[in-house]
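Q: Could you build the full structure based on these sequences and the hints that come with them?
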Amino acid sequence: MHTIAYMYKLIFNSCIAYFLLFSLLFVHGKELSCNQTPYPHVCNHYIGTTTNKLSTLDSSSSFHDIALKVTLDQAIEAHKLVSTMELNNFKDKHAKSAWEDCLELYEDTIYQLKRSINSNNLNDKLTWQSASITNHQTCQNGFIDFNLPSHLNYFPSMLSNFTKLLSNSLSISNTLTSSQSSSSSSSSTKQNGGRRLLSDGFSYWLSGSDRKLLQATPGSGTGPRADIVVAQDGSGNYKTISEGVAAAAKLSGKGRVVIHLKAGIYKENIDIKSTVSNLMIFGDGMDSTSVTGNQNAIDGSTTFRSATFGKFFNS
Numbered sequence: 233m234h235t236i237a238y239m240y241k242l243i244f245n246s247c248i249a250y251f252l253l254f255s256l257l258f259v260h261g262k263e264l265s266c267n268q269t270p271y272p273h274v275c276n277h278y279i280g281t282t283t284n285k286l287s288t289l290d291s292s293s294s295f296h297d298i299a300l301k302v303t304l305d306q307a308i309e310a311h312k313l314v315s316t317m318e319l320n321n322f323k324d325k326h327a328k329s330a331w332e333d334c335l336e337l338y339e340d341t342i343y344q345l346k347r348s349i350n351s352n353n354l355n356d357k358l359t360w361q362s363a364s365i366t367n368h369q370t371c372q373n374g375f376i377d378f379n380l381p382s383h384l385n386y387f388p389s390m391l392s393n394f395t396k397l398l399s400n401s402l403s404i405s406n407t408l409t410s411s412q413s414s415s416s417s418s419s420s421t422k423q424n425g426g427r428r429l430l431s432d433g434f435s436y437w438l439s440g441s442d443r444k445l446l447q448a449t450p451g452s453g454t455g456p457r458a459d460i461v462v463a464q465d466g467s468g469n470y471k472t473i474s475e476g477v478a479a480a481a482k483l484s485g486k487g488r489v490v491i492h493l494k495a496g497i498y499k500e501n502i503d504i505k506s507t508v509s510n511l512m513i514f515g516d517g518m519d520s521t522s523v524t525g526n527q528n529a530i531d532g533s534t535t536f537r538s539a540t541f542g543k544f545f546n547s
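Using the numbering used here, read the sequence shown as starting at 233 and increasing by one per residue.
Quick caveat, the hints were computed from the structure, so don't treat them as lab data.
If you're wondering where the values come from, they're calculated on a predicted model, not measured in any experiment.
Any given hint could be a false lead.
[Stated by the list, open to error] Okay, derived cross-link-like pairs now, DSS-like style, lysine-lysine, Cα gap no bigger than 27 Å in a straight line:
| # | residue 1 | residue 2 |
| --- | --- | --- |
| 1 | K346 | K505 |
| 2 | K312 | K328 |
| 3 | K396 | K301 |
[As the list claims (entries may be wrong)] Ranges between beta-carbon positions, derived for each pair:
| # | residue 1 | residue 2 | range |
| --- | --- | --- | --- |
| 4 | S484 | Q369 | 24 to 32 Å |
| 5 | A481 | P270 | 33 to 41 Å |
| 6 | S520 | H277 | 58 to 66 Å |
| 7 | L313 | D516 | 46 to 54 Å |
| 8 | S522 | D442 | 22 to 30 Å |
| 9 | L438 | S362 | 18 to 26 Å |
| 10 | K325 | S362 | 30 to 38 Å |
| 11 | K471 | T507 | 18 to 26 Å |
| 12 | S509 | K444 | 15 to 23 Å |
| 13 | S351 | T507 | 15 to 23 Å |
| 14 | K323 | T472 | 29 to 37 Å |
| 15 | L408 | S509 | 25 to 33 Å |
| 16 | T507 | Q464 | 24 to 32 Å |
By construction, the Cβ of each residue, glycine as well, lies at the ideal position given by its N, Cα and C atoms.
A: Set out below in structure tokens:
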């Protein structure tokens, strides 16, 4: 009898201890941290749905990681909903163009949040999460550019909460960064990648071969050696920059790809995809080689697509 009573007492005490521990983690991990965000109710709602993760919530860093993961989950859901929207709502070519921008921007948001989760650099996290918020605003601006703000009503209502989650995640990251700002300036420089310059004026992370490319004088005997030459007169590998960039994409990943634009006026809008990296483009001088795109909202282009040279920087 005493043994049974002792066992019941032990089980009861264990349950009480677990309840108190879970409650403390829940309050200090979720409620107090959520109350420090711009949208506490949204934070509490979404973090509260991940109660299975709260049992491991033991620090502000853990809370930060969970907040990012929840935001990423909602970003994936947002992209899925936007990609399956009823396109009959966007029969107008301008509206469809703006919708296509949104699709690409939300896809990039997923990428930015994933890299934020995988990075230990808090300043990088802030940059990438800020980019995610900018993506949402750019999506909306596409419809505003064409004076079609009413079309935003067709978008899923959950996007409103999603943008609040983005703001909350950024706020939490910012708080975490501020709490660690007491580190010495030297260690901070190492953590953040640094901005030290070498004696020749280049950042220390720039390779020797890349420094030589930047120091070379186009048109001289010591100019950069081009992998691809673009010339309107047909004397090169391609006649348009877009063709040259497309060819460079196939070489991407094999080191720096150098494109030489011979003298001429190139009336193009070049869209360099995020998968293309390590690309260098040079001309024959500002008075000889020029590129002009001349795209704007009046002509049917969103601001997002109007860049003469456009590049989604994912690296």
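Q: Give a verdict on every hint.
A: Verification of the hints:
1. K346 with K505: Status holds; Cα separation ~19 Å.
2. K312 with K328: holds (17 Å)
3. K396 with K301: Since the Cα atoms of K396 and K301 sit roughly 14 Å apart, the hinted pair holds (cutoff 27 Å).
4. S484 with Q369: 24 to 32 Å: holds (29 Å)
5. A481 with P270: 33 to 41 Å: holds (40 Å)
6. S520 with H277: 58 to 66 Å: holds (59 Å)
7. L313 with D516: 46 to 54 Å: holds (48 Å)
8. S522 with D442: 22 to 30 Å: For S522 and D442 the Cβ distance comes to about 25 Å; the hint holds.
9. L438 with S362: 18 to 26 Å: holds (25 Å)
10. K325 with S362: 30 to 38 Å: holds (31 Å)
11. K471 with T507: 18 to 26 Å: holds (24 Å)
12. S509 with K444: 15 to 23 Å: The hinted range 15 to 23 Å holds for S509 and K444, with Cβ atoms some 19 Å apart.
13. S351 with T507: 15 to 23 Å: Given range 15 to 23 Å: holds, Cβ gap about 20 Å.
14. K323 with T472: 29 to 37 Å: holds (32 Å)
15. L408 with S509: 25 to 33 Å: holds (29 Å)
16. T507 with Q464: 24 to 32 Å: With Cβ atoms ~27 Å apart, the hint holds.
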